[in-house]
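Chemist: Protein sequence lines correspond, in order, to chains A and B. Sequential numbering of the first sequence, starting at 1, is according to my numbering. Sequential numbering of the second sequence, starting at 1001, is according to my numbering.
It is worth saying that the hints were derived from the structure and are not from the lab. Where hints are given, some of them may not hold.
What the hints assert, rightly or not - Quick list of in silico lysine-lysine cross-link-like pairs, PhoX-like style, CA-CA up to 20 Å:
{"id": "1", "chain 1": "B", "residue 1": "Lys1126", "chain 2": "A", "residue 2": "Lys338"}
{"id": "2", "chain 1": "B", "residue 1": "Lys1183", "chain 2": "A", "residue 2": "Lys316"}
{"id": "3", "chain 1": "A", "residue 1": "Lys277", "chain 2": "B", "residue 2": "Lys1183"}
{"id": "4", "chain 1": "A", "residue 1": "Lys269", "chain 2": "A", "residue 2": "Lys338"}
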Amino acid sequence: MIIQTKSDIVPSEITPQQVFDQRRHFIQQASVGLIAASAALLSQPLHAALANTAKVETNRVGAASKSGSFGSRQKIANVTKTSYGAGEKLTPYDDITTYNNYYEFGTDKAEPALNSKLFKPHPWTVSIEGEVKKNKTISIEDIYKLAPLEERIYRMRCVEGWSMVIPWIGLPLAQLIKWAEPNANAKYVEFISLADKQQMSGINLPILDWPYSEGLRLDEAMHPLAIMAVGLYGEQLPNQNGAPMRLVVPWKYGFKGAKSIVKIRFSEKMPVSSWMKAGPSEYGFYANVNPQVEHPRWSQASEKRIGGGLFAGRIKTQMFNGYAEQVGQMYAGLDLRKNF
Amino acid sequence: MAIQQNSIASLLRAVPSKKQMRGIKLIVFALCLAPLLRLFWLGAHDALSANPVEFVEHSTGFWTLFILLTSLSLTPLRLITRCAWPIQLRRMLGLFMFFYVCLHLTTYLWLDYSFNWTDIINDIVKHPYVLLGSSAFILAIPLAITSSHAMMRRLGRRWLQLHRLVYLIAMLGVIHFWWLVKKDIREPLLFASVLLILLAIRVYYKILAKQRKRLEN
C-alpha cells in the first residue's frame, strides 16, 4: 500500500533539546518554593487535584535530575527520520511526560511520572501465544533489531477530548507480527500489559480488570501506520509513557495504545479489552477517532491540543484523527456508529 | 473525663465578641480566596499542568463543591454541638460558592469553548453531566441575588423556602462531578457521602424535634 505523504519535516520544527532542558531547569527552581508553599497552605490529603501541581512539579524536578546524575534517559542511535507529521507543531517533552493516562501508576494524570520512577523496563521479554505457528518469546533488545527504527511524528487524540503531537520512535508493528508468525486462524491480535503489584501501585485498586489489554483486527495491526513504539523525542520511552514498548495506533483513541506490553496473543475471536469490560456503552473494540460519534461524557467534535496554554481554544477533530486517507478503506461497509 | 467534655462543650458554646467575629470573618474570607490566589500563582509560574484549562476547571469546580458543603455543615454543627455562632459565616460561604461557580462557568465558556455557542449548546444537550452542572448554576443565581439582609427582610418566610434550593443545588453539583469522572470515583464518592451525612443529621434532628413536640402536647 502507498502511504500518502506530503513533504519532509524541516529540522527546525523540532524543538532543540536544550530549550526543553532550560525550561525544566527553570521549573526545577520554581518548584522548590511551590511545593513548600502549597504544602503549607493547602494540606488536604483527600484531594488529588490539590496535590496535582506539587506532583507535576516534583516530577519535573525528577525529569531534570534524570538528565543529570541518574542518567536513565538514553538516546536511541540510528533512527531513520520519516516525513510523517510534517507541519505539525510538536507537543513539548515536559507535557508528554507529565500528563499520562496510565492507571497502573495512578488515575491522576500527574501520578504516572511520579509513581513509575522505580519501574524497571529492563530486562524485558515479550511472549507470543495463541493462534501462532509456535509459542515463543522475544527480548526487547531483539525487538530493537527486528527492523530499522523510525521516527514517526503522530497526532494522538485521547477519548477525553485532548490531543498531542508526539515524535515516537518505533518499528512498524507489521514487522513484529511477521516475526510472530500467526497461523491461518488468527483474525485478531491482543496486546497485554504488565500487571506487577510490586512495581505498579495502581494495580492494587480494582479500577480496571488487570492486566490492561487492548486489541486490533489483524489487518489493522498490519497497517503501515501502526507502530510498536520504543522511544520518543530521540530517547528510550520514559516509564510513564509505557517503557520499554507500547502500541501506537494514531487513527484510534489513545487508550488503544497498550503500554509496557508483555504478551501478544493472536485469536480467532474478537478479544474483549479492559475498557470494553469497564464501560461497554462507552468504549468499543474499534475506538476509531470519529467526530460524528458522541461519547456520553466528552464531545468528540473538537479537541484541546496540549501545549497551547490557557487561551488556545479548541481545534476540530478530524475523521480517523486525520488519517482517513490511509486507513478509511479498512472500514468500508462497517457501521461506525455501531462499531464505535 | 466528664469535666473535660464539659469544657470542650463550653468552649464551643462560647460566643465570640463582635471584634472577635470580625477577625474570624476576615480569616475565613482569606481562606476562601486562597484557592484563587493559588491558581494565579501557579499560572504565573507555568505550573498549571499540561492541560491548564482542565486544571482550572477542575480546581474551581472542586472548591465550589467544597465551600458549598462547608456552608451546609454549619447547621448540623449547631444541632450536634449547640454552637450557633458559625452560622454567621454562612452568607459569606454561600457567596464564595457562587463566586467559584462563576469562575468555573467562565473557564468553561471562555477558556474551554471560546464562547463558541453552537458547540456549547451541543455539549449541554448531549452530555448529561454538563446539563446538571448548568442547571445547578441557574438555580444558584436567585440565591445569590437574595442573599442580602434587605432581601431577607423583604421576602420574609418565602426567603427560607427559596433558600431550601441549596439542597437541590448541592445534589446536582455532586452528581455533576460523579458523572464527569471516568472510572476512579473516589473523590465524588467522598463528596456524596459527606452530603448524605449532612442531610441525614438534619433529618434525624427534625424527627427528634417532632417527637419532642408530640410528647409535650
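Chemist: Determine for every hint whether it applies to the structure shown.
Modeler: Results for each hint:
no.	hint	in the structure
1	Lys1126(B) x Lys338(A)	holds (18 Å)
2	Lys1183(B) x Lys316(A)	violated (26 Å)
3	Lys277(A) x Lys1183(B)	holds (12 Å)
4	Lys269(A) x Lys338(A)	holds (18 Å)
In summary, the one numbered hint that this structure violates is 2.
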